[in-house]
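Asks: Chain order of the listed sequences is A and B.
Read in order, the letters of the first sequence correspond to residues 555 to 1374 in my numbering.
Read in order, the letters of the second sequence correspond to residues 36 to 171 in my numbering.
Just so you know, these hints were derived from the structure itself, not from any lab.
The C-beta atom is built at its ideal place from N, Cα and C for all residues, glycine as well.
Incorrect hints may appear among the rest.
Stated by the list, open to error - DSS-like, lysine-lysine: derived pairs with alpha carbons at most 30 Å apart:
(1) A/Lys1231 / B/Lys38
(2) B/Lys60 / B/Lys154
(3) B/Lys60 / A/Lys1066
To be verified - Computed beta-carbon distance windows for the label pairs:
(4) A/Ala1055 / B/Glu75: 22 to 28 Å
(5) B/Asp151 / A/Ala1055: 14 to 20 Å
(6) B/Ser86 / A/Ala1055: 15 to 21 Å
(7) A/Ser1269 / B/Ile146: 45 to 51 Å
(8) A/Ile1211 / B/Gly63: 50 to 56 Å
(9) A/Asn1283 / B/Ile146: 38 to 44 Å
(10) B/Asp153 / A/Ser1269: 52 to 58 Å
(11) B/Asp153 / A/Asp1165: 35 to 41 Å
(12) A/Asn1283 / B/Asp151: 34 to 40 Å
(13) A/Asp1029 / B/Asp151: 52 to 58 Å
What the hints assert, rightly or not - Selected chain B positions facing chain A (in silico; Cβ < 8 Å):
(14) Asn37
(15) Gly39
(16) Val52
(17) Asp56
(18) Glu75
(19) Ile110
(20) Arg114
(21) Arg115
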Amino acid sequence: MGNFRFANLKLGHRLALSYGLIVALLIAVTFVGIGKLRALSETTDDVLNDKYPKTLLVNEVTSDLSIIARAMRNTLILNNATQIQAQLNDIDQARDKMTVALSDLERRVSDGAGRKLLEQIVVAHAAYIGNEEEFIHLIAANRIAEARNLLVVNLYEYQNTYFDLLEKLRLDQDALMAQASAEVGSTYRTARSLMFVLTLLATLLSIAITYMLTRSLLRQLGGEPQYAAQIARKIATGDLLPTIEIAENDRSSLLFVMRSMRDSLIDRTNAQAETNRNLAASIKALAAANAAQVSSVETLRQLGEIGKELNASLDQYAICRALHRHMSELLPLDAFGVALINEQRDKLDLIYYIEEGVIMPPRSVPLFDTSSQLVRAFTDEQVLISIEGPQPNCVARISGITSSGVMHSTVLRHLIVNAERIGIVFMQSHIVDSYRERELNILHSTATYAGIALMNANAFASAEAAHRQAAAALDELRQAQSQLIQSEKMAALGQLIAGVAHEINTPIGAVKSSGGLIADSLRHALEGLPKLFRMLDEDSANLFIQLIGHAQDSVEILSTREERVIVRQVIRQLELAGVDDVRHKASILVQLNAHHDLNTYLPLLRHPQGDMIIEVAHSFGTITRNTANINIAVARVTKIIFALRSFSRVDSAGAMIESNLRDGIETVLTIYQSEIKQQVELVRNYEDIEPLLCLPDELNQVWTNLIHNALQAMSYNGTLTIGIHRIGNDALVSIGDTGCGIPEKIRERIFDAFFTTKPAGEGSGLGLNIVKKIIEKHHGRIDVNSQVDVGTTFYVYLPYPVTKLAETGLTEGRKYTVNQ
Amino acid sequence: MNKGILLCVDDEAIMLVALKDQLRKAYGNRFIIEVAESAEEGLEILDELVSQGNYLLVIISDWLMPGMKGDQLLIEVHRRFPQAAKVMLSGQVDQQAVDRVRRQAGLQAFIAKPCDGDKLIACISEALNEVGHPIT
């Protein structure tokens, strides 16, 4: 019960609990009251039934005693017997009564003091009554004097004592009554205080409970019940406008809920009203359309014409112009304009505006610019707005448009297509009351056509723009493609660079070395020659000149092996001739190309200065040989440069020229020489064929690609077979490798652009695609024959022009064997 | 008379022409100067000359050649003639091959192509010095 809270209880429970408590308190008050009342009643009863009767009895006795005393005295006084008898009867009567009262008293008195007094009274009574009877007896005996004496002496004494005692008893009883009275007063005061306290408590409690209940009720209601009821009554009767006052932080009371309910009711009512308004507008438009339909056959016919004409045009401006022309024929207008919402729906484009026959330049108004009447009319729910009376120009606030000022009739109409507001058409006139129902109906109907026509034009323009964009994109794509092709070319070039560097380094190094040697040898020869000629006789000198002359015409470049064979022979001959240092001299003689006429030069060798002669001759030989070496090296460099140049040529759209396919292929092989010479066996099956009209540079790209692929396919280790043949009207170039082959499933795709089996970044996948394109440019074709793990051969067929065929007289069907 | 051999191996004839003349210019007829266009030919020459009582002093070899590569040649030569100096002269450097020759053939020098003639001769002279044939 930790979370028990009074405020969480239901109202009924709360009330029951609260008032139960109060009722309990009131019951308690009642019980206390009843208890106290009973006590009071008992005390009062005691007084009434005990104290008070006892006092009465005491008074009775006292009274009887007085009567007796008086009567006894009277008997003494009276003389008449009758009277005396009457007095005696009184005495008897009083005595009886007195006795009865006394015995009654005896029975009743219970308190200690009273009891004691009563005993004394009984004694006094007995004494008194004894004397009294004596008195009566004396009287009866007419012994008056004795009677008097008895009365005065004895009875009086007893009588007084009797009176005193009775008085004391009365006083005692009085005291008892006073005590009882005090008791009653005290009980009353206690009861009063207790009941007062309990009542106060109950009152406070009921106030507190009432306050709490009221508060919780008010909190739940959010205000006074009457107020809440009043608000509810108002809402119930449809008055949704009353301000409902609630506490600032009240988010849960009935009134708050009622206010929310009211607000949403207002929203719904507004929405309903909106729907109703739309409905009304639609009904109105429908009615107007109906009215327009029935208005006049002629107008209808004209409208139909307008519609046809408008829809026949796909140019927005032309549509507006036609619309303007027709409208001005049908109704008075001084200003006419058409504005369309842009694609982003944030601006109205005033595509057409004419005023007093002057066409204004197109302008735009942002939709947020509500100072513009066009924007206001466009954003207004009303489809057709007609304004009578002086009014500024509709376009007055749009910059760049000069307007003539005040107009007297204005009408603006939404352009709606497929329930979508696409713009606004508007007309103004200086003439008052220009646009009545007929005019409005005409505008209404025409605007429908115009909307559709403008929409169509817009769609057409969009389609055209899309077409233009597509064309531009295609153009870009073409550029990108040509760039890719160019970059593929550069990649092919890049592949060559490494090999080329080596190819160029070697001849350059040779040139450098040979150049140095020539300079040295020349110096040596120039120093030695004059000395030599001074020493030699004329014959020897001539012989020397002849010897070095051989070096000049040495054209034959021997391999080291061939040279060594010759040197060996020369050594043997020289040994037989008895020449010393034969190996050195033989080598020099062979280098001087003098070994053919060895015997001729024996005199020079046997000459005393033979060594010097040989050295000087060697210098000459060195010069000529290294000069030749330089020439060879330079020729190689030139060849490489030529090959490179044909690759780097950018302009490939040149005219076809007659070219020997063999030259092109050899050029490419030059570049790949360093890669081929290592572990590749190159087989050339070249047939002499006629030069072909072609684009040699582009074909070089074909050979490069195919040779490069072939070398890569066999990892630069295998046999590269290149064939050049003539097959019918075609030149056939075959390039075969002994490489890994092309799997059948990808064979179809190898000529596709961007197809590559090389890792990303190594090949563009364009190589074979470009090859195919170049061959197609030559009207040729390319075939491939491949076997996995055996090798691949590409066949390139390039046709000769037909006229060429006729000139050369070659016949069709001539068979060539393709040697692979 | 037995002589020391200087052998040049290169697949480029133009290189060999220049090399042979440079060596001859530098050392005259002190040594047998031979050139070969391939590793195989080089080994044949060595077989022949050594069988005649000559001995190998220096072998200068290119690396990138058809057939047997320079590093293999030098390793083979080292196996047969451990006392000879080995020099590699190449335009293309395969560092692994060079390291292998250094390790397995006691490579004396590596000379990059294209090479200055004087530098080449200085290198070879130093190599000759190493193998006990100082050039004075």
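Asks: Each of the hints needs a verdict: does it hold here or not?
Replies: Going through the hints against the structure:
no.	hint	in the structure
1	A/Lys1231 / B/Lys38	violated (34 Å)
2	B/Lys60 / B/Lys154	holds (14 Å)
3	B/Lys60 / A/Lys1066	holds (15 Å)
4	A/Ala1055 / B/Glu75: 22 to 28 Å	holds (27 Å)
5	B/Asp151 / A/Ala1055: 14 to 20 Å	holds (19 Å)
6	B/Ser86 / A/Ala1055: 15 to 21 Å	violated (40 Å)
7	A/Ser1269 / B/Ile146: 45 to 51 Å	violated (29 Å)
8	A/Ile1211 / B/Gly63: 50 to 56 Å	holds (55 Å)
9	A/Asn1283 / B/Ile146: 38 to 44 Å	violated (56 Å)
10	B/Asp153 / A/Ser1269: 52 to 58 Å	violated (40 Å)
11	B/Asp153 / A/Asp1165: 35 to 41 Å	violated (25 Å)
12	A/Asn1283 / B/Asp151: 34 to 40 Å	violated (57 Å)
13	A/Asp1029 / B/Asp151: 52 to 58 Å	holds (56 Å)
14	Asn37	violated (11 Å)
15	Gly39	violated (13 Å)
16	Val52	holds (5 Å)
17	Asp56	holds (5 Å)
18	Glu75	violated (10 Å)
19	Ile110	violated (18 Å)
20	Arg114	violated (23 Å)
21	Arg115	violated (20 Å)
Hints 1, 6, 7, 9, 10, 11, 12, 14, 15, 18, 19, 20 and 21 from the list above are not met by this structure, while the remaining hints are.
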